[in-house]
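Participant: Here's the letter readout for the chains.
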Amino acid sequence: DAGVTQSPTHLIKTRGQQVTLRCSPKSGHDTVSWYQQALGQGPQFIFQYYEEEERQRGNFPDRFSGHQFPNYSSELNVNALLLGDSALYLCASSLVGTQYFGPGTRLLVL
Amino acid sequence: GQQVMQIPQYQHVQEGEDFTTYCNSSTTLSNIQWYKQRPGGHPVFLIQLVKSGEVKKQKRLTFQYREEKKNSSLHITATQTTDVGTYFCAGQGAAGNKLTFGGGTRVLVKP
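So the protein lines, in turn, are chains A and B. End of the first sequence sits at 122 in my numbering; the numbers just go up one at a time, nothing left out. End of the second sequence sits at 257 in my numbering; the numbers just go up one at a time, nothing left out.
No lab work stands behind these hints: they were computed from the structure. What you are looking at is a predicted structure, and each value in this text was computed from that prediction instead of being measured. Don't take each hint at face value.
Just so you have them, the derived chain A footprint on chain B, three or more residues with Cβ under 8 angstroms [stated by the list, open to error]:
{"#": "1", "segment": "178–190"}
{"#": "2", "segment": "247–254"}
Partner residues aside, some chain B positions facing chain A, computed with beta carbon under 10 angstroms [stated by the list, open to error]:
{"#": "3", "residue": "G147"}
{"#": "4", "residue": "V150"}
{"#": "5", "residue": "Q152"}
{"#": "6", "residue": "Q194"}
{"#": "7", "residue": "T228"}
{"#": "8", "residue": "V230"}
{"#": "9", "residue": "T232"}
{"#": "10", "residue": "F234"}
{"#": "11", "residue": "A236"}
{"#": "12", "residue": "N243"}
{"#": "13", "residue": "K244"}
By construction, the Cβ of each residue, glycine as well, lies at the ideal position given by its N, Cα and C atoms.
Bound conformation, chain B alone:
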């Protein structure tokens, strides 16, 4: 079955630095969705990527969907303490179907 993997599992970042987390699927996807989950909270939708090669930005967050539609990345610039949480990518084999989540990247920010 479809598998989604994320690296790294943990990311310790100094406040103000940049970092990137990667998402890799075992199969071609219809779309990839990114979520953020704060400690004790629930996944909150960030963005959906649909088109091959697509790049979307949300303030300090840049999301990219690779050409082969199996891989994606999230790059955060000038990390802030508010960025603490776990970032999940989730793939859909077909629009509207189940989401297959990666294991998440847990981000800790050192002030």
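Bound conformation, chain A alone:
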């Protein structure tokens, strides 16, 4: 049984570009949450998807958007990248409470 998977593992972009990150949840999980973790800090909640809809959102600008597909996989899109968007982006899947994290995508914006 595969755990949470994310792609790509690493990504380098330049300011102003757009990026799409992907996440496949753990088998049987229907909820996907996205977090941003800056270096040396705890993960910060971006948003959560359930039944293909955004159920909750953290304090992130509209440049951050997402999608959940019928198979529960999810995408995170970030437009007009800023240097400050450089971080580890984590996807977590869950069924009710406990969230299990994927390995993350390390994004570097130059």
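Take the given structure of chain A and dock chain B to it, following the hints.
Facilitator: For chain B alone, kept in the frame of chain A given last:
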């Protein structure tokens, strides 16, 4: 909004010694989850505490959820080099909702 704080931010421990890290929430929580993140890795789920006053043990790790459901602690006995990493607590205001993470306690073990 809900805030979660952890102390200490750094913990330098001699191998074999015990230490405790503390987690405090600004609001009452539905549950607290603890995660461990190794350098260069991602948060790995350790345990979830739900009941007021709950104490759970995992080998050398003891987790406690205080009576008021706002505070928690993690106590590690006989620290080993494998305990190196950052320990995060994360609170949920309601089950299934977003996790609010503390800043983490970075543990370094001196052999």
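Participant: Now look at each hint and say whether the structure bears it out.
Facilitator: Status of the hints after comparison with the structure:
1. 178–190: holds (count 6)
2. 247–254: Since three or more residues must qualify, the claim that chain A covers the segment 247–254 of chain B holds, with 4 doing so at under 8 angstroms.
3. G147: With a closest approach of 8 angstroms, the G147(B) hint holds.
4. V150: holds (8 angstroms)
5. Q152: The hint holds - Q152(B) has a Cβ within 10 angstroms of chain A, the shortest such distance being about 8 angstroms.
6. Q194: This interface hint holds because 5 angstroms falls under the 10 angstroms limit.
7. T228: violated (20 angstroms)
8. V230: violated (16 angstroms)
9. T232: Given a least distance of 9 angstroms, the restraint on T232(B) holds.
10. F234: Cβ of F234(B) sits 6 angstroms from chain A, so the hint holds.
11. A236: Holds. Min distance 8 angstroms.
12. N243: holds (6 angstroms)
13. K244: holds (4 angstroms)
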